[in-house]
Amino acid sequence: MTGPAGNDGSGSSMGVFASSMLFSLGLTLVFTLVANLLPQVQGDAPVEKKVDLGSLTMDDFVALGENLFMNKGTCTLCHKPPPLGRAPDIQGENLVEVARQRLADPRYKGKATNAEEYIHESMVDPSAYVVAGWGKKGSNDTESPMPHIDKPPIQLSPMEIDAIIAWLEAKDGNEVTVELPTAEASAQVAAAAAPAAGPPAPAATGEEAVRKYGCQACHALLGSTASLGPSLEDVGARLTPEQIRQSIIDPNAVIADGFTPDVMPPDFADRMTVKELEMIVRLLAEKKP
Amino acid sequence: MMGPGRGYRRMGRAGRGSVWSAGGRWPYLLLALMLLAAVPAMAAGTTDGLSVEERIAPIGRVQVEGGPEVAPSFGEAVRAEPEPPLAAPQPQRKDYPDIGISSRAVVWVVAQMHLFFGALVLAVPLFVLVIELTGVLTRDERYDDMAHEFMKISLVGFSITAIIGGTLALALFMLYPDFMAYMMRVFRVQWLWYALLFFVESFFLYTYYYGWNALRYGNRKWVHLTLGLLLNGAGMTIMVLANSWATFMMAPSGVSETGAVTGTVWEAMKGPLWNPINLHRFIANIGFGGAVVGAYAAFKFLSTRDPKLRAHYDWMGYTSNFIAILAFLPLPFAGYWLMAEIYAYSQQMGITAMGGILAWLFIVQAVLIGTILLAGNFYLWSGMSRTEGSVRYQWLVKYIAAILVICFLTWMTPHTLILSAKEIATLGGSHHRILGPLGIMPAKNIAVNLMLVVTFLSFQIYRRSDKVATVSWAPVGNAFMVAIYIVAMANIVFAGVYYGYFTNTVYKVGSSVLQVASTLVVIVSGLTIDGFMYKGAKKLPSHWGRVSNRSQYALFALPIAFTWLMGLMGYVRSSVKTYWHVYTIMKDNSPDNFIPTIGYAGNMITLVTVLFVLFVLFMFWIANLSGTRQPRPAATGVEGGAT
Numbered sequence: 001m002t003g004p005a006g007n008d009g010s011g012s013s014m015g016v017f018a019s020s021m022l023f024s025l026g027l028t029l030v031f032t033l034v035a036n037l038l039p040q041v042q043g044d045a046p047v048e049k050k051v052d053l054g055s056l057t058m059d060d061f062v063a064l065g066e067n068l069f070m071n072k073g074t075c076t077l078c079h080k081p082p083p084l085g086r087a088p089d090i091q092g093e094n095l096v097e098v099a100r101q102r103l104a105d106p107r108y109k110g111k112a113t114n115a116e117e118y119i120h121e122s123m124v125d126p127s128a129y130v131v132a133g134w135g136k137k138g139s140n141d142t143e144s145p146m147p148h149i150d151k152p153p154i155q156l157s158p159m160e161i162d163a164i165i166a167w168l169e170a171k172d173g174n175e176v177t178v179e180l181p182t183a184e185a186s187a188q189v190a191a192a193a194a195p196a197a198g199p200p201a202p203a204a205t206g207e208e209a210v211r212k213y214g215c216q217a218c219h220a221l222l223g224s225t226a227s228l229g230p231s232l233e234d235v236g237a238r239l240t241p242e243q244i245r246q247s248i249i250d251p252n253a254v255i256a257d258g259f260t261p262d263v264m265p266p267d268f269a270d271r272m273t274v275k276e277l278e279m280i281v282r283l284l285a286e287k288k289p
Numbered sequence: 001m002m003g004p005g006r007g008y009r010r011m012g013r014a015g016r017g018s019v020w021s022a023g024g025r026w027p028y029l030l031l032a033l034m035l036l037a038a039v040p041a042m043a044a045g046t047t048d049g050l051s052v053e054e055r056i057a058p059i060g061r062v063q064v065e066g067g068p069e070v071a072p073s074f075g076e077a078v079r080a081e082p083e084p085p086l087a088a089p090q091p092q093r094k095d096y097p098d099i100g101i102s103s104r105a106v107v108w109v110v111a112q113m114h115l116f117f118g119a120l121v122l123a124v125p126l127f128v129l130v131i132e133l134t135g136v137l138t139r140d141e142r143y144d145d146m147a148h149e150f151m152k153i154s155l156v157g158f159s160i161t162a163i164i165g166g167t168l169a170l171a172l173f174m175l176y177p178d179f180m181a182y183m184m185r186v187f188r189v190q191w192l193w194y195a196l197l198f199f200v201e202s203f204f205l206y207t208y209y210y211g212w213n214a215l216r217y218g219n220r221k222w223v224h225l226t227l228g229l230l231l232n233g234a235g236m237t238i239m240v241l242a243n244s245w246a247t248f249m250m251a252p253s254g255v256s257e258t259g260a261v262t263g264t265v266w267e268a269m270k271g272p273l274w275n276p277i278n279l280h281r282f283i284a285n286i287g288f289g290g291a292v293v294g295a296y297a298a299f300k301f302l303s304t305r306d307p308k309l310r311a312h313y314d315w316m317g318y319t320s321n322f323i324a325i326l327a328f329l330p331l332p333f334a335g336y337w338l339m340a341e342i343y344a345y346s347q348q349m350g351i352t353a354m355g356g357i358l359a360w361l362f363i364v365q366a367v368l369i370g371t372i373l374l375a376g377n378f379y380l381w382s383g384m385s386r387t388e389g390s391v392r393y394q395w396l397v398k399y400i401a402a403i404l405v406i407c408f409l410t411w412m413t414p415h416t417l418i419l420s421a422k423e424i425a426t427l428g429g430s431h432h433r434i435l436g437p438l439g440i441m442p443a444k445n446i447a448v449n450l451m452l453v454v455t456f457l458s459f460q461i462y463r464r465s466d467k468v469a470t471v472s473w474a475p476v477g478n479a480f481m482v483a484i485y486i487v488a489m490a491n492i493v494f495a496g497v498y499y500g501y502f503t504n505t506v507y508k509v510g511s512s513v514l515q516v517a518s519t520l521v522v523i524v525s526g527l528t529i530d531g532f533m534y535k536g537a538k539k540l541p542s543h544w545g546r547v548s549n550r551s552q553y554a555l556f557a558l559p560i561a562f563t564w565l566m567g568l569m570g571y572v573r574s575s576v577k578t579y580w581h582v583y584t585i586m587k588d589n590s591p592d593n594f595i596p597t598i599g600y601a602g603n604m605i606t607l608v609t610v611l612f613v614l615f616v617l618f619m620f621w622i623a624n625l626s627g628t629r630q631p632r633p634a635a636t637g638v639e640g641g642a643t
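Same order as they appear, the protein sequences are chains A and B.
Residue 280 in this note's numbering sits at position 280 of the first sequence, with consecutive numbering throughout.
Residue 505 in this note's numbering sits at position 505 of the second sequence, with consecutive numbering throughout.
None of these hints come from the bench; they were simulated from the model.
Fair warning: there could be bad hints in the mix.
Simulated crosslink set (BS3-like; lysine-lysine; CA at most 27 Å straight-line) [to be verified]:
1) A:Lys50 / B:Lys539
2) A:Lys111 / A:Lys136
3) B:Lys577 / A:Lys151
4) A:Lys151 / A:Lys137
5) B:Lys308 / B:Lys152
6) A:Lys72 / B:Lys270
7) B:Lys270 / A:Lys136
8) A:Lys151 / B:Lys94
9) A:Lys111 / A:Lys137
10) B:Lys270 / A:Lys137
11) B:Lys94 / A:Lys72
12) B:Lys270 / A:Lys151
13) A:Lys212 / B:Lys577
Kindly generate the complete structure, drawing on both the sequences and the hints.
What follows is the structure, encoded as structure tokens:
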């Protein structure tokens, strides 16, 4: 391809190849070095934290709110002190005071009647009231650029939103008006959210399956003394496994003496997995006095 | 292949033959009787009390010929509530296959390699077509030969792109099955069109390349140019289709909040970021392609002592650098549009990229773009040695170099550093009093715009080096040009300082439009004024090949920096989605659902860049192999008959 190295600086192919490769690799390593010299920050996905509601104090709740504001809520991306902020500097102002002024503003058309409701509204419906100068470009301050924080990608839970409100109220010495979450309220939220979360996990044991489908609510079983249906504590002595299975799949096929038909829900077979059904049958078949 | 109709006809003939051969007519009589029996029933239109329509209705659309259309009846069960739309899958960690190494790292390497080669083979035919057309218009066959050589050296790149693309698809389906199933559901038939386009592109590629000499002159040349145009059309369509997947992942459209497909494929494609990415990649590909073939020219230039070949490869290198830098100049503006659209779509996503944990990345970006601009400028200054006329402009070079270096340093100055308590106390705060303000965007905008303006100045004085304007208004034209430079640079500095430091964020962003406009005014007016002023200008002697060997290393620096920069931008584009496969719709629950550190990303990018360089060397080697012919062995022994 080429001649031998010349006096003009041109070289053999191998020589040029070696020098150009060395130069290229050297340059690549410079870029790599720069990247490695900078502060190394890893952006972790938010980790779901379990909160022990039984021992939760208001101070804990406020601290949780601050943590959410700084991290998972990503609020500080925009809510910074001027001139860096892209939204009002709510860390630097008494938001409860500010909220009262906003509610008194004739421009306010939202539904809130107090500071807590106003803060909540501004998080889940940011365009309800847009602070002058902070609206989306061209919207004349009628549309907020802020995302709805109860929706993806931030998607805070109602409890997390309350925690942030608690911190925003507490940080300037205001009275915290939100209530501490209770286990019952949390369970209600979880129950309401359950259908969206898909079918519940299958039970692992016969006892678990019995509790999952609430058999003991009507039958005397696993310590229950309920008598709406026949006692199942000795059912293994009265019925064969086939008959037990049939009683679950088709409750009205055979009605025990003294009990009325159409009381037991007929849809257990649809709701149970095959394995759950078999585990319950096995458990009950072993119930002998 | 025998169709059913023919089959039946054959069977019919066979049946007839057997009837006749049997000599009996009883089967026909039996058939006639059956028909007679059926006629009354048909006339009445009923069987078992049911009409014909009623009997055939359940099986669908069958109807009596000429009769009224039968409305299908599906019964109560089927008329139930419509199925809710299918939401995007939400895979859990256990749903991701574990192959012992990071799935993301595997996909990262393969995807980036595919993008590098895809960019190269889409870009080369673009500027090859322009160079070929230049050859036709100027009647200078050197352009035609150079265009052909560019195609030759990138030809193997098409196969490499396809092979790596296939590997990428397999890797994605294997490592991210739920995600890919969802993407298949969203883009449906578009995948088949995508595959079909490869056949179309291959057809035009091979006819364009192998038909080069057969379609070289006259009308045939126009046929050849048309083939080139169609090749580019197919290539661009492939690119924009593939872009739509990436932009759908960043800003989904055509689907509901849960990811259920609600719109057409077109609606899924035309998300808010699609066109900004299309434009950005289109321009960047050209710059990247120009830089890669420039390295080829530099290597060939350095490897030869033949003055003719050196002249040829010097010219080829210059043209490549010209393409790379020309494409590079508008790239920040396309990037600006993309970022503006990202902010408009999601301010949170925009800030994650520019002000969040990815902000450090822009320091590395500054180093890379600074390298590109310094290398490009250095090459132009070195190239001025080709002509004696350049002495008129040499004095400007030191000022341009000073501005470039100052701006480069400003651009890479960080705003905040992770400091110890003692360092904070020494500094008097978390930001340095003087250097701190240089860390924020307004300072960067001033720096980058000034760098672009002076790079254009380098280009302009290089172009003027071998010419002397002969028009009478040349002094006025020059004065006007100088005035434009001064006003534009003053405007860039003023807009950056005033709006950037003395007003709020909204105006700060708006000021960059003023700065970009100033830069564009310099470029457009410079090209226009020189176009008129140097029309019929006196040409000074220019010597291709008379350029230092050192200058050629700038042509190696360009593709390395471009490649690394593309890798870095891929990292930020993918990372702004944070822990989502499809932003706000499908969460990434894989073990790699975090944004890796800039150091890790840097190591990955270096790995891919080195791999790319090795593959490109292979591509060039193959291209040269086709022109190598083994000499016939010298005649020896019995075969030669010398005994």
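The hints, checked one at a time:
no. : hint                : result
1   : A:Lys50 / B:Lys539  : violated (79 Å)
2   : A:Lys111 / A:Lys136 : holds (22 Å)
3   : B:Lys577 / A:Lys151 : holds (15 Å)
4   : A:Lys151 / A:Lys137 : holds (22 Å)
5   : B:Lys308 / B:Lys152 : holds (20 Å)
6   : A:Lys72 / B:Lys270  : violated (30 Å)
7   : B:Lys270 / A:Lys136 : holds (22 Å)
8   : A:Lys151 / B:Lys94  : holds (25 Å)
9   : A:Lys111 / A:Lys137 : holds (25 Å)
10  : B:Lys270 / A:Lys137 : holds (22 Å)
11  : B:Lys94 / A:Lys72   : holds (24 Å)
12  : B:Lys270 / A:Lys151 : holds (23 Å)
13  : A:Lys212 / B:Lys577 : violated (39 Å)
Comparing the model with each numbered hint stated earlier shows that hints 1, 6 and 13 do not hold.
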